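For the protein sequence lines, the chains are A and B, in the order given.
Residues 34 to 340 (our numbering) are what the first sequence spells out, left to right.
Residues 7 to 281 (our numbering) are what the second sequence spells out, left to right.
No wet-lab data here; the hints were simulated from the structure.
As the structure is a prediction and not an experimental result, all values here were calculated from the model.
Incorrect hints may have been included.
Unchecked claim - A few chain A residues that don't get close to chain B, going by computed Cβ distances all over 10 angstroms:
hint: 1; residue: LEU108
hint: 2; residue: ASP110
hint: 3; residue: GLY125
hint: 4; residue: ILE128
hint: 5; residue: LEU130
hint: 6; residue: PHE189
hint: 7; residue: GLY198
hint: 8; residue: ASP199
hint: 9; residue: GLU236
hint: 10; residue: PHE248
hint: 11; residue: THR253
hint: 12; residue: THR261
hint: 13; residue: LEU265
hint: 14; residue: PRO287
What the hints assert, rightly or not - To give an idea of the interface, some chain B residues facing chain A are shown, with a C-beta separation under 8 angstroms as derived from the structure:
hint: 15; residue: LEU36
hint: 16; residue: ALA98
hint: 17; residue: PHE105
hint: 18; residue: VAL117
hint: 19; residue: ALA154
To be verified - Computed footprint of chain B on chain A, listed as stretches where at least three residues anywhere in the stretch have a Cβ under 8 angstroms from a Cβ of chain B:
hint: 20; segment: 144 to 158
hint: 21; segment: 175 to 181
hint: 22; segment: 302 to 310
hint: 23; segment: 314 to 326
Beta carbons: idealized from backbone N, C-alpha and C, even for Gly.
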Amino acid sequence: MHGLEPKTAAAVAPPPRLRFAAPIHGWLLLLPAAVLLATFTHYPAVATIVDSFYSTPKARRAAIFVGADNYQAMLGDPVFWRALSNNIVYAGCVIPLTIALALAMALWVNGKIAGRPLLRLSFFTPTVLPMIAVANIWLFFYAPGYGLLDQLLGLFGIPSHNWLGDQHTALICLIAVAVWKDAGFFMIFYLAALQQVSPQLAEAAAIEGASRWYFFRRVTFPLLMPTTLFVLVNAVINAFRLIDHIVVMTQGGPDNATALILFYIYEVGFKFWDTAYAATLTVVLLILLALLALGQFLILDRRIHYQ
Amino acid sequence: MSALQASGRGAAALETAGAWLLALIWILPLAYALWAAIHPSAYSAHFVPSAPLTLENFARAWNAAPFARYFLNTFLLVTMILAAQLVLCTLAAYAFARFSFRGRDLAFVLVLLQLMIMPDVLIVENYRTMSALGIVDTIPAIGLPYMASAFGIFLLRQTFKSVPRELDEAARVEGAGPLAVLLKVYVPLAKPVYIAYGLVSVSYHWNNFLWPLIVTNSVNTRPLTVGLQIFASTDQGIDWSVITAATLMTSAPLLVAFLLFQRQFVQSFMRAGIR
Numbered sequence: 034m035h036g037l038e039p040k041t042a043a044a045v046a047p048p049p050r051l052r053f054a055a056p057i058h059g060w061l062l063l064l065p066a067a068v069l070l071a072t073f074t075h076y077p078a079v080a081t082i083v084d085s086f087y088s089t090p091k092a093r094r095a096a097i098f099v100g101a102d103n104y105q106a107m108l109g110d111p112v113f114w115r116a117l118s119n120n121i122v123y124a125g126c127v128i129p130l131t132i133a134l135a136l137a138m139a140l141w142v143n144g145k146i147a148g149r150p151l152l153r154l155s156f157f158t159p160t161v162l163p164m165i166a167v168a169n170i171w172l173f174f175y176a177p178g179y180g181l182l183d184q185l186l187g188l189f190g191i192p193s194h195n196w197l198g199d200q201h202t203a204l205i206c207l208i209a210v211a212v213w214k215d216a217g218f219f220m221i222f223y224l225a226a227l228q229q230v231s232p233q234l235a236e237a238a239a240i241e242g243a244s245r246w247y248f249f250r251r252v253t254f255p256l257l258m259p260t261t262l263f264v265l266v267n268a269v270i271n272a273f274r275l276i277d278h279i280v281v282m283t284q285g286g287p288d289n290a291t292a293l294i295l296f297y298i299y300e301v302g303f304k305f306w307d308t309a310y311a312a313t314l315t316v317v318l319l320i321l322l323a324l325l326a327l328g329q330f331l332i333l334d335r336r337i338h339y340q
Numbered sequence: 007m008s009a010l011q012a013s014g015r016g017a018a019a020l021e022t023a024g025a026w027l028l029a030l031i032w033i034l035p036l037a038y039a040l041w042a043a044i045h046p047s048a049y050s051a052h053f054v055p056s057a058p059l060t061l062e063n064f065a066r067a068w069n070a071a072p073f074a075r076y077f078l079n080t081f082l083l084v085t086m087i088l089a090a091q092l093v094l095c096t097l098a099a100y101a102f103a104r105f106s107f108r109g110r111d112l113a114f115v116l117v118l119l120q121l122m123i124m125p126d127v128l129i130v131e132n133y134r135t136m137s138a139l140g141i142v143d144t145i146p147a148i149g150l151p152y153m154a155s156a157f158g159i160f161l162l163r164q165t166f167k168s169v170p171r172e173l174d175e176a177a178r179v180e181g182a183g184p185l186a187v188l189l190k191v192y193v194p195l196a197k198p199v200y201i202a203y204g205l206v207s208v209s210y211h212w213n214n215f216l217w218p219l220i221v222t223n224s225v226n227t228r229p230l231t232v233g234l235q236i237f238a239s240t241d242q243g244i245d246w247s248v249i250t251a252a253t254l255m256t257s258a259p260l261l262v263a264f265l266l267f268q269r270q271f272v273q274s275f276m277r278a279g280i281r
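Bound conformation, chain A alone:
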């Protein structure tokens, strides 16, 4: 770098702030990331919508414009409706359960409970394990007859049950795995927020004779609201994004009882190779995510300031 010259220049010239605010620098810095984002996020999002109006290209016939045919087929497809309702049930169970457990864990670990470090370790460990690996272990837990769940229930005289093979229990089993995987992860954010809460508040409440539940309901929980919103957004995304455990444990079965939307997209796109229909299903998922993003934007607008 040139040593003294700019220093003397700075003494007479206005502050150097404007000197390298050249627009071209900003764009050049942004360029590499922008190219990749455009190629692998924006282009595919648009291409998905375009492809949903065309037929699937075959070896001897290129894709032709079919208008809303794919959408009509989708509306008449019982598996799509099953996957959509499964996903809504799944999200509706996983999200509140995970958040409630994460909050309980954080309150325990933040309090004066015996064996705190061990509890924290145990709660957080699922977060660092690959879903694909733990799903294999849960597969054993649910195995009919000799699986851990059946062995435990057998102690109470409850007969063995094919947990993943039964339409009525399979989705519940997967919900349990998802809750188990993420609760400890979200606990961390609550823990961070709880450490910001002044202990004087609890002391004051104790002097006033407020019960712990009352204190939690009227003081702690409202203070944690921003964290709850953040966790909620992530939990919602995960409920539509993560299907590793389904691939390992049920393959969407039995009889599509555990097919979620993304799993159905994967099946249609990469097992049946019907890419146009897979694109149509992806559009539905994108619309769902966009609506959720809009909700997030409206709710979180007051908290995060974009510039």
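Starting from the known structure of chain A, fit chain B onto it as the hints suggest.
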């Protein structure tokens, strides 16, 4: 009064018991995996303290599939993604934090879009792009959609914006150009954020499964997660001892790192989450 205290103490004991029961359930899968992996197959679903110990399951798993190659692939994958993310996100975040140019706010919104429309969802079109580029079944194809990370750009932009202007200006008065200021002022000050982001990124991509499953189809590119799944679903039938041994092997590096640096891990995840 004393009755009230006693009932309070009873409730507290009940709560402690509840917490411990939950913790037990949370650690149970890992505990079971350990049990099954270090005992002969006959004891994989049969829990008696007298079961003999063995390391044979690990040897059998290791020899039954090319795990060494899978480890190498995963290592290459996470290293490549992290290196690219650090460079790309640093440059982009710097542009957003300290430069004013036409269209910046729109560009930022377009970046944030990726937080909701993640590569995990765009599998069909991204696969098509990869085949058009002729790079299906390569390690870069697994990594490319994740390299420009909106999360990383956002996190670093927030960090860079909190750097006092005076430091920046002092460096410029010394004659440093834009890139030198970035490297000498911003990057060193953001070190904790880089560590946090790095840990989150490595554990995410070490564990990532669906996209690698789709875009790879040979031993030379498959990461551990995909290799493990193929191993567990086809080769082994229901030999839980070998499956759990393989499962532990593939999770071991992250798990050991987590146990050793527990505090840093937890703090990093916290730091990455509070934005």
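The hints, checked one at a time:
1. No Cβ of chain B approaches the Cβ of A/LEU108 within 10 angstroms, the least distance being about 20 angstroms, so the stated non-interface status holds.
2. Non-interface status of A/ASP110 relative to chain B is upheld: no Cβ of that chain comes within 10 angstroms, the nearest being about 17 angstroms off.
3. Residue-level check passed: A/GLY125 sits 20 angstroms from the nearest beta carbon of chain B, beyond 10 angstroms.
4. Distance to chain B confirms A/ILE128 as a non-interface residue, since its nearest Cβ pair spans about 16 angstroms, more than 10 angstroms.
5. No beta-carbon of chain B comes within 10 angstroms of the beta-carbon of A/LEU130; the shortest separation is about 12 angstroms.
6. Non-interface call for A/PHE189 relative to chain B: holds, since the shortest CB-CB distance, roughly 16 angstroms, exceeds 10 angstroms.
7. The Cβ of A/GLY198 sits about 14 angstroms from the closest Cβ of chain B, beyond the 10 angstroms cut-off, so the non-interface label holds.
8. For A/ASP199, the requirement that its beta carbon stay farther than 10 angstroms from each beta carbon of chain B is met, with the minimum near 19 angstroms.
9. The beta carbon of A/GLU236 is kept farther than 10 angstroms from every beta carbon of chain B, the shortest such distance being approximately 17 angstroms.
10. With a minimum CB-CB distance of about 14 angstroms to chain B, A/PHE248 clears the 10 angstroms threshold, and the non-interface call stands.
11. With a least CB separation of 15 angstroms from chain B, A/THR253 remains clear of the 10 angstroms interface cut-off, as annotated.
12. Look at A/THR261: its CB is around 13 angstroms from the nearest CB on chain B, clear of 10 angstroms, so calling it non-interface holds up.
13. Its beta-carbon lying about 13 angstroms from the closest one in chain B, A/LEU265 satisfies the requirement of being farther than 10 angstroms from that chain.
14. No Cβ of chain B approaches the Cβ of A/PRO287 within 10 angstroms, the least distance being about 17 angstroms, so the stated non-interface status holds.
15. The beta carbon of B/LEU36 is positioned within 8 angstroms of a beta carbon in chain A (closest approach about 6 angstroms), and the interface hint is therefore held.
16. Hint on B/ALA98 holds. Least Cβ distance to chain A is approximately 4 angstroms, under the 8 angstroms limit.
17. The closest approach between the C-beta of B/PHE105 and any C-beta of chain A is roughly 3 angstroms, which is under the 8 angstroms cut-off, so the hint is satisfied.
18. Taking 8 angstroms as the C-beta contact cut-off toward chain A, the hint placing B/VAL117 at the interface holds, the least distance being around 6 angstroms.
19. The closest approach between the C-beta of B/ALA154 and any C-beta of chain A is roughly 4 angstroms, which is under the 8 angstroms cut-off, so the hint is satisfied.
20. Counting residues of the segment 144 to 158 of chain A whose CB lies closer than 8 angstroms to any CB of chain B gives 11, which reaches the minimum of 3, so the coverage claim holds.
21. Remark: the segment 175 to 181 of chain A is confirmed as covered by chain B, as 4 of its residues place a Cβ nearer than 8 angstroms to a Cβ of that chain, reaching the required three.
22. Evaluation of the coverage hint for the segment 302 to 310 of chain A: fulfilled, as 3 residues show C-beta separations to chain B shorter than 8 angstroms, against a requirement of three.
23. Coverage of the segment 314 to 326 of chain A by chain B holds. Counting CB-CB distances below 8 angstroms, 7 residues qualify, and the rule asks for three or more.
In summary, the structure agrees with every hint in the numbered list given earlier.
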